[in-house]
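Chain residues, written in single-letter form:
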Amino acid sequence: MGGKVTCTLGEVKQRADFIVYWGGNPAECHPRHFTKYTLMQKSKFLPRGRKDRTVVLVDIRETKSAKAADHFLQVRPGKDFELLTIMRAMIKGQDVPEAQVAETGISIEVLRDLIEKMKKAKYGVMFFGMGLSMTRGKHMNAAALLTFAAEMNAFTKFVAMPMRGHGNVTGADVIMRWQTGYPFGISLNRGYPRYNPGEFSTVDVLVRGDTDCAFIIGADPGATMPKPAIDHLAKVPTIVLDPHVTHTSRLSRVHITTAPAGIAAPGTGYRMDEVPMPLKPALNSPYPSDEEVVRRIKEVIATKPDWMTNQPQMIESQV
Amino acid sequence: MSAVTLRLKQDPVVALEAEVITPDRFAEMSHEEICSSIVYHGKRQLRLDEFFDVEGERSDDLILHGDLNRVRHLGRAMTRGSLTAHGDVGMHLGAQMKAGRIEVFGNASDWVGAEMSGGKIHVHGQAGQQVGAAYRGSLAGMKGGLIIIDGAAGIEVGMRMRRGTIVIGGPAKDFVGLQMKGGTIVLRDGAEIRAGAWMQRGTIISLKPLNMMPTFAKSGFQNPTFISVYSSLLKPHGCELPNDASVGGYLRYAGDRAVPGKGEILVWQEHSAS
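So the protein lines, in turn, are chains Z and Y.
The first sequence begins at 0 in numbering that gives the first Met the number 0 and counts up one residue at a time.
The second sequence begins at 0 in numbering that gives the first Met the number 0 and counts up one residue at a time.
It is worth saying that the hints were derived from the structure and are not from the lab.
Possibly wrong hints are sitting among the right ones.
[As the list claims (entries may be wrong)] Which chain Y residues face chain Z? A few, computed with CB under 8 Å, are given here: (1) V13; (2) V53; (3) R57; (4) D109; (5) F174; (6) R256.
[Claimed, not checked] Here are the simulated PhoX-like cross-link-like pairs (lysine-lysine), alpha carbons at most 25 Å apart as the crow flies: (7) Y:K207 to Y:K234; (8) Z:K226 to Y:K172; (9) Z:K137 to Y:K172.
Source: prediction; values computed, not measured.
Note that CB positions come from ideal geometry on N, CA and C, so glycine has one too.
So that you can see chain Y by itself, here it is in the shape it has in the complex (with noise of 0.2 Å):
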C-alpha cells in the first residue's frame, strides 16, 4: 500500500482551513473520496482536488507537497499513521494529535502542535508562535508527546503546557514556558526576555545564558541525573543535552514566585565561564 500524495497545484488566495488532511480519514478513503473531501477555502466549500493533485488510496502514510503556507490544521487531531510534508506549512499543524508521526521539511506557522497529547511532530525549519501551546481560553496546552523544531520559534512556547516535550533549535522569542504547568521545554539556542513567566510546574532547560525574569530565585548548580535519561531519550531524534559533571553544570532557577509555583529553569554553564 503507496502512500497517498497530494501535490499544491493551485495557490489558495486566502486561508485553505483543511483539517480532512490526516492520515486518519485517508486510510479508509478510496481515490474518489479524497478527492471529494471538502476543504474551505475562506467561507467557500470546495473538493480537494480543486487545489490537489491526489495519487494513491488508503493509507496511513501521507505526503504533501508545494508551498503550504496558507493551508491550516494539517494533521488535526491524527492518531495514526504519519504525514510529510515538503514545504512550508500553515497554522495549527498536529493541533490536538493524539498519536503518530508530523515532520516538515519548511517552515511552520503558528500553534504547532497546540493541545497535542500524544506523537511525535518535527518541524525542519522555523516555527511561529505558541508551539505547543493552549488556545485562548483553555486551560492546558499540550498534554504530551514530543515536538521538534530545528529552527527558530515565535513567542509563547508550550505556553500553560501540562506534560510533554519541546525542543527549539534555533532561538525562541519571549515568554517561552509562559504560565506552564508541567512538562519539558529544551532551548538549545535561547531564548528573548521573559522565560518561564508565571509558570507553575515543569521544567526549562536552556544551553545558553537566559535573561531570567526578576521574580525567579537561584537555587543551586547541579547536574541532576533526569538530564542523562532525558538526553539519551532524545538522542535518537538529534538532540544531546550536555551532563558532564567535569565540563560544566546547570544553573538552577525556581518560580515563578509571583504565582507562586514550583517550576524549574536550569541553565548550562560550563565550568570556565563561571
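Bound conformation, chain Z alone (with noise of 0.2 Å):
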C-alpha cells in the first residue's frame, strides 16, 4: 500500500466515462464540478457528453446531487468502510453472504452490477467528501476508497481524488509536501521534519495542549476544532492572520488584518487535483498581504540567535 492513483481534473473532463461521487454533495457543494468537468462537458473520447458518461452517488441521505447520478446508493451511516471492504472483496471474487452485505444498507444485487458496471468502464474515477473521510473511521476510510481504486487498475482504468473544501487547502499539502516530503502533521522541532499524524497534527496539539503559541494563517480554528482546542487556543498567546475577524480572531491575542488573496493580494492557489493556478488581484488593499507579514515576522526572528545550539540529534528512523 502507498501512493495514491489520481489524474487532474482535465483528464476526468476528456476521458472519465464512470464516475463515484463517495459522501460528497457537489450540487450543492460544488456547484461547478458537475459542469465543468464531470457530467455536461463534451470531449473527443466522450462525445455524447453526459450520455457517455455514468455517475453513481454513495451517500448517507439523498441529497440534491442524486437527482443528477444516474444510480444512488444509499448506505447506512458508519457502514461505508465495511461497504468499501466488501466491495474489494467482490472485485477478487470472494464471496460475502447476502445478509453481511444487506447490513450496509446496500443489498448483494446492487453491489453486483455496479461492480460490473465499474469492471466495463474505461476510465473510473472516485471523488470522497467528508461525509467519508471525516465519519467513524476517519483516515482509515479514505484509505479504504484509495485502496479501492488502486485495486480496480487490475480491471480497467480507476483513479480516487478528494473533494477538498474552502480556500486553498491543497495548496498548503502540496507545499509542505515539496518543502519537507510530508503533506501535514509534521514537527520541526529537531531541525529537520518529523511526519506522524496523532501527535503532530494541529487538533491534536490544541487539545492535548502540548504548545505554548499558536500562529494561524487563513483558518478558523475557533469555529471548527473541538472544545479543548479552542480553550488551548484562548489560554496561549494566539496570533491570527486573516482578511476577517473570525471567531479564532476573538479569542486571539493578536489579529492582522492582511488582504484577501485572489481578490487583493496574488498568489498561487492549488485546485483540487493539485493544479496551480495564478491569482491575479482586481483590488487594491491597504492591507499587506499573508506572504508579506510572515516574510517581515521572519526577518525580525532571523535576527535573535539561533536556539539550536548544538547540532540535533537525530531520532534514529522516522519518528
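Combine both chains into one complex, guided by the hints.
Below you can see the structure in the form of C-alpha cells.
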C-alpha cells in the first residue's frame, strides 16, 4: 500500500466515463464541478457528453446531487468502511454472505451490478468528500476508498480524488510536501521534518495542550475544532492572520488583517487536483498580504540568536 | 549497584522528548553525565536535571516518579535492563525496544511499544492508540516481544504487527489488528467495531463476543491445541485463556477476504451461550 492513484480534472473532463461521488454533495458544495468537469462536458473520447458518462452517488441521505446521478446508493451511516471492504473482496471474486452485505444498506444484487459496470468502464474516477473522511474510521475510510481505486486498476483504469473544501487547503498540502516531504502533521523541533499524524497534527496538539503559542494563517479553528482545542487557543498567545475578524480572532492576542488572496493579493491557488492556478488581484487593498506579514516576522526572528545550540540529535528511524 | 531514580521536579509545558532515558545509556554514565544528558523541551535543548532530580548512576535499572504524560520516547530502543515508571507516561513508550522490561504503574499514551522487536512492556493502567503498531508509512509494526495492557486501549492496536503478543485487559476501540501480518492479540474484554480489518495473517483471540467485519467467514467451533500452550506461557503474566472443552470453545472466523488474507479471529463462547 502506498502512493495514490490520481489524475487532473482535465483528464476527468476528457476521458472519465464512470464517475463515483462518495460522501459528498457536489450539487450544493462544488456547484461547478458537474458542469465544468464531470457531467456536461463533451470531448473527443466522450462525444455525447452526459450520455456517455455513468454517474453514481453514494451517501447516507438523498441529497440534491442524487438527481444528477444515474444511480444512488444509500449506505447506512458509519458503514462506508465495511461497504468498501466488501467491494474490495467482491472484485477479487471472494464470496460475501448476502445478509452481511445487506447490513450496509445496499443489496448484493445492486453491488454486483455496480462492480460489473465499474469493471466495464474505460476510465473510472471516484471523488470522496467529508461524509467519508470525517465520519467514524476517518483516515481509514479514505484509505479504503484509495486502496479500492488502486485495486480496480487490475481491471480498468481507475483513479480517486478528494473533494477539497474552502480556500487553498490543497495548496498548503502541496507546499508542505515539496518543502518537507510530508503533507501535514509535521514537527520541525529537531531541525529536520518528522511526520506523525495524531502526534503532530494541529487538532491533536491543541487538544492535548502541547503548545505554548499558536500562529494561524487563513484558517478559523475557533469555529471548527473541538472545545478543548479552542480553550487552549484562548489560553496561549494566539496570532491570527486573516482578511476578516473570525471566531479565532476573538480569542487571540493579536489579529493582523491581511489582504484577501486572489482578490487584493496575488499568489497561487491549488485546485483540488493539485494544479496550480495563478491568482491575479482585481482590487487594491490597504492591508499587507499574508506573505508580506510572514516575511517581516521572519526577518525579525532571524536577528535573534539561533535556538539550536548543539547539533540536533537525530531520532533513528522516522519518528 | 542501586537503580537510577528520576523524580520529575518541574512539569514540562510542552512535550519533552527524552529518548535519552533508557537503561542502555544510563548503565555506562556517571551521575554528572546523566544530569547533563540532553532532552528536548519543544525545540529547546535542555539538561535532564532541569526537569528531574537524579539519584544513582551506572545502573541497568531505572525508576521514574511523577506525572510523565508529556515525557515522550521513554525507553526508546532499549536492549537491556528495566524501566519502572510510577505515574502516567507519554507517547512512544518503549518504541523500537529490543529487550528488557518496562513496567508502568499508571496510564500510557499512544504508540506503546511501536515497532518493538523484543522484551516486555506491562502497563497497569490504560494505553492510548496504536499499541505495538507500525509508524505511518512503515510496513511492519511490532516484530516480537510482549505487551500487556491491564486497562483499555485506543484504536489501531497492533496495526501491521508481524510477530509478538499483545494482551489488552480492558475494552479496545476500533481497528484492532488492522492490516496485521502475524503475531497474536488477546482481547480479554472485547473490542469495538472493525477488529481484524484487512488482516493478512496472525491471530486475534477475544474472550468477549466481537462485532465482526462482514468480510470474515465463520469456519468452525473448536478448541485449538495452541490455546493451552499460549495460556501456560501467559499465566506468569497474569493472563489465562479458557480452553476447557467441557465449558466452551472458540468460534473461528477467517479473513480478511478483502485482502484476501489468512488471518483468524477466535471468539470464546461457552456452551450455555450458544
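Evaluated hints:
Below 8 Å, beta-carbon pairs count as interface contacts, and V13 of chain Y has one with chain Z at about 5 Å; its hint therefore holds. Interface hint at V53 of chain Y: violated, since its Cβ lies 19 Å from the closest Cβ of chain Z, which is beyond the 8 Å cut-off. Contact between R57 of chain Y and chain Z, as hinted, is not supported at the beta carbon level, the nearest pair being about 22 Å apart and thus beyond 8 Å. The beta carbon of D109 of chain Y comes within 6 Å of a beta carbon in chain Z, closer than 8 Å, and the hint placing it at the interface holds.
About 6 Å separates the beta-carbon of F174 of chain Y from the nearest beta-carbon of chain Z, less than 8 Å, and the hint is met. Satisfaction of the interface hint for R256 of chain Y is found here, the shortest Cβ-Cβ separation to chain Z being roughly 4 Å, below the 8 Å cut-off. Simply put, K207 of chain Y and K234 of chain Y have alpha-carbon atoms about 19 Å apart, close enough for the 25 Å limit, and the pair holds. At roughly 22 Å between alpha-carbon atoms, K226 of chain Z and K172 of chain Y fall within 25 Å of each other, so this suggested pair holds.
With a CA separation close to 14 Å, the supplied pair K137 of chain Z and K172 of chain Y stays within the 25 Å bound.
Hints 2, 3 from the list above are not met by this structure, while the remaining hints are.
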